[in-house]
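S.K.: Work out the full structure, taking the sequences as your base and the hints as a guide.
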Amino acid sequence: MPCYCHSQQPFAQCCEPYLQGRLPAPTPLALMRSRYSAYRLGLGDYLVQSWHPDTLGELDAATLARSGLETDWLGLTIVFARGTAADKEGEVEFKVRYKEDGRVVLLHERSRFVRHEGPWVYHSGQFNPPKSGANQPCPCDSGKKYKQCCARR
2 MPCYCHSQQP FAQCCEPYLQ GRLPAPTPLA LMRSRYSAYR LGLGDYLVQS WHPDTLGELD
62 AATLARSGLE TDWLGLTIVF ARGTAADKEG EVEFKVRYKE DGRVVLLHER SRFVRHEGPW
122 VYHSGQFNPP KSGANQPCPC DSGKKYKQCC ARR
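Per the working numbering, residue 2 is the first one in the sequence shown, and the count goes up by one each step.
A couple of the hints might just be wrong.
[What the hints assert, rightly or not] Each computed DSBU-like pair below joins lysine-lysine, with the alpha-carbon atoms no more than 35 Å apart: (1) Lys100 with Lys148; (2) Lys146 with Lys96; (3) Lys96 with Lys148; (4) Lys89 with Lys145; (5) Lys132 with Lys89.
[Stated by the list, open to error] Just the calculated beta-carbon pair ranges, DEER-fashion: (6) Pro120 with Asp61: 18 to 26 Å; (7) Ala152 with Gly22: 31 to 39 Å; (8) Arg104 with Gly144: 36 to 44 Å; (9) Ala62 with Gly119: 14 to 22 Å; (10) Glu71 with Lys145: 36 to 44 Å; (11) Arg23 with Ala62: 14 to 22 Å; (12) Pro3 with Leu108: 19 to 27 Å; (13) Lys145 with Pro11: 24 to 32 Å; (14) Ala13 with Gly119: 20 to 28 Å.
What the hints contain is simulated information worked out from the structure, not anything from laboratory work. We put the CB at the ideal spot given by N, CA and C, even for glycine.
M.R.: Below you can see the structure in the form of C-alpha coordinates.
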(Lines of atoms letter the chains of each structure in order from A; the text may use other names.)
(Lines give C-alpha, C1' and ligand atoms only; values in the text may rest on other atoms or scores of the structure.)
Protein backbone atom coordinates (compact mmCIF):
# COMPACT_ATOMS: atom_id res chain seq x y z
CA MET A 2 0.00 0.00 0.00
CA PRO A 3 1.45 3.43 -0.91
CA CYS A 4 2.13 5.81 1.93
CA TYR A 5 -0.48 8.39 2.84
CA CYS A 6 2.12 11.15 2.57
CA HIS A 7 2.43 10.74 -1.23
CA SER A 8 6.14 9.86 -1.06
CA GLN A 9 5.69 7.06 -3.62
CA GLN A 10 7.11 4.67 -0.99
CA PRO A 11 5.21 1.79 0.63
CA PHE A 12 3.56 2.85 3.90
CA ALA A 13 5.42 0.06 5.78
CA GLN A 14 8.77 1.53 4.70
CA CYS A 15 7.86 5.22 4.95
CA CYS A 16 5.70 6.60 7.77
CA GLU A 17 4.45 3.46 9.52
CA PRO A 18 7.62 2.82 11.63
CA TYR A 19 7.43 6.38 13.01
CA LEU A 20 3.68 6.29 13.61
CA GLN A 21 3.99 3.00 15.49
CA GLY A 22 6.87 4.34 17.61
CA ARG A 23 9.37 1.76 16.35
CA LEU A 24 11.73 4.51 15.10
CA PRO A 25 12.01 8.26 15.63
CA ALA A 26 11.69 10.37 12.48
CA PRO A 27 15.32 11.04 11.47
CA THR A 28 14.76 14.40 9.73
CA PRO A 29 12.26 17.26 9.71
CA LEU A 30 11.03 16.03 6.30
CA ALA A 31 10.36 12.52 7.63
CA LEU A 32 8.53 14.01 10.61
CA MET A 33 6.47 16.31 8.36
CA ARG A 34 5.44 13.40 6.16
CA SER A 35 4.57 11.23 9.16
CA ARG A 36 2.52 14.04 10.72
CA TYR A 37 0.52 14.37 7.48
CA SER A 38 -0.10 10.60 7.57
CA ALA A 39 -1.08 10.87 11.23
CA TYR A 40 -3.69 13.51 10.39
CA ARG A 41 -5.04 11.29 7.61
CA LEU A 42 -5.27 8.33 9.99
CA GLY A 43 -6.59 10.30 12.98
CA LEU A 44 -3.57 9.53 15.18
CA GLY A 45 -3.97 12.37 17.64
CA ASP A 46 -1.55 10.95 20.22
CA TYR A 47 1.26 10.93 17.63
CA LEU A 48 0.46 14.51 16.66
CA VAL A 49 0.62 15.68 20.28
CA GLN A 50 3.86 13.76 20.94
CA SER A 51 5.48 15.25 17.83
CA TRP A 52 4.46 18.85 18.68
CA HIS A 53 6.66 21.08 20.83
CA PRO A 54 4.91 21.57 24.21
CA ASP A 55 5.62 25.33 24.15
CA THR A 56 3.48 25.79 21.02
CA LEU A 57 0.85 23.04 21.37
CA GLY A 58 -1.41 25.28 23.39
CA GLU A 59 -4.71 23.72 24.40
CA LEU A 60 -4.87 21.24 21.54
CA ASP A 61 -5.34 17.65 22.62
CA ALA A 62 -5.12 14.26 20.97
CA ALA A 63 -8.89 13.80 20.65
CA THR A 64 -9.39 17.18 18.95
CA LEU A 65 -6.51 16.58 16.53
CA ALA A 66 -7.70 13.06 15.72
CA ARG A 67 -11.25 14.23 15.07
CA SER A 68 -10.06 17.11 12.91
CA GLY A 69 -7.87 14.80 10.86
CA LEU A 70 -10.57 12.20 10.31
CA GLU A 71 -13.21 14.81 9.42
CA THR A 72 -11.00 16.35 6.72
CA ASP A 73 -11.10 15.16 3.12
CA TRP A 74 -7.34 15.17 2.42
CA LEU A 75 -6.35 15.48 -1.25
CA GLY A 76 -2.57 15.61 -1.20
CA LEU A 77 0.76 16.77 0.17
CA THR A 78 3.44 18.50 -1.89
CA ILE A 79 6.85 19.26 -0.43
CA VAL A 80 8.30 22.57 -1.70
CA PHE A 81 11.63 22.24 0.14
CA ALA A 82 13.11 20.71 3.24
CA ARG A 83 16.15 21.61 5.29
CA GLY A 84 17.57 19.61 8.19
CA THR A 85 19.54 16.41 8.57
CA ALA A 86 19.74 13.79 11.28
CA ALA A 87 22.70 15.72 12.75
CA ASP A 88 20.96 19.12 12.90
CA LYS A 89 19.07 20.68 15.81
CA GLU A 90 16.70 22.81 13.72
CA GLY A 91 15.11 22.45 10.31
CA GLU A 92 12.32 23.67 8.06
CA VAL A 93 9.87 22.12 5.67
CA GLU A 94 7.80 24.16 3.26
CA PHE A 95 4.78 22.28 2.00
CA LYS A 96 1.39 22.59 0.40
CA VAL A 97 -1.60 20.52 1.48
CA ARG A 98 -4.84 20.34 -0.44
CA TYR A 99 -8.10 19.34 1.20
CA LYS A 100 -11.83 19.79 0.72
CA GLU A 101 -13.88 21.99 2.98
CA ASP A 102 -17.56 22.76 2.44
CA GLY A 103 -17.36 21.32 -1.08
CA ARG A 104 -14.43 23.44 -2.22
CA VAL A 105 -10.73 22.68 -2.49
CA VAL A 106 -8.52 24.57 -0.03
CA LEU A 107 -4.75 24.99 -0.27
CA LEU A 108 -2.76 25.26 2.94
CA HIS A 109 0.76 26.55 2.24
CA GLU A 110 3.09 26.61 5.23
CA ARG A 111 6.77 26.84 6.07
CA SER A 112 7.14 24.80 9.26
CA ARG A 113 9.92 25.02 11.80
CA PHE A 114 11.11 21.81 13.43
CA VAL A 115 13.45 21.53 16.42
CA ARG A 116 14.88 18.80 18.59
CA HIS A 117 13.10 18.53 21.93
CA GLU A 118 14.59 16.14 24.48
CA GLY A 119 16.06 14.11 21.59
CA PRO A 120 13.51 13.63 18.80
CA TRP A 121 12.37 16.09 16.16
CA VAL A 122 9.14 17.95 16.92
CA TYR A 123 7.01 20.47 15.06
CA HIS A 124 7.52 23.90 16.62
CA SER A 125 5.65 26.48 14.57
CA GLY A 126 4.76 27.53 11.07
CA GLN A 127 4.25 30.51 8.83
CA PHE A 128 1.22 30.37 6.56
CA ASN A 129 1.65 31.59 2.99
CA PRO A 130 5.39 32.26 3.37
CA PRO A 131 6.97 34.87 1.13
CA LYS A 132 7.83 33.58 -2.30
CA SER A 133 11.43 33.04 -3.17
CA GLY A 134 12.53 35.07 -6.17
CA ALA A 135 13.88 33.10 -9.14
CA ASN A 136 17.36 34.55 -8.73
CA GLN A 137 17.37 34.47 -4.92
CA PRO A 138 19.24 31.79 -2.96
CA CYS A 139 17.08 28.71 -2.49
CA PRO A 140 15.57 28.52 1.02
CA CYS A 141 16.68 24.88 1.29
CA ASP A 142 20.29 26.09 1.73
CA SER A 143 21.57 24.15 -1.27
CA GLY A 144 23.67 27.12 -2.38
CA LYS A 145 21.84 27.22 -5.72
CA LYS A 146 19.45 29.83 -7.01
CA TYR A 147 15.80 29.06 -6.32
CA LYS A 148 14.98 28.65 -10.04
CA GLN A 149 17.73 26.02 -10.39
CA CYS A 150 16.68 24.08 -7.27
CA CYS A 151 13.33 23.81 -5.49
CA ALA A 152 11.39 25.79 -8.12
CA ARG A 153 11.88 22.81 -10.47
CA ARG A 154 9.94 20.42 -8.23
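S.K.: If any of the earlier hints don't hold here, list their numbers in rising order.
M.R.: none
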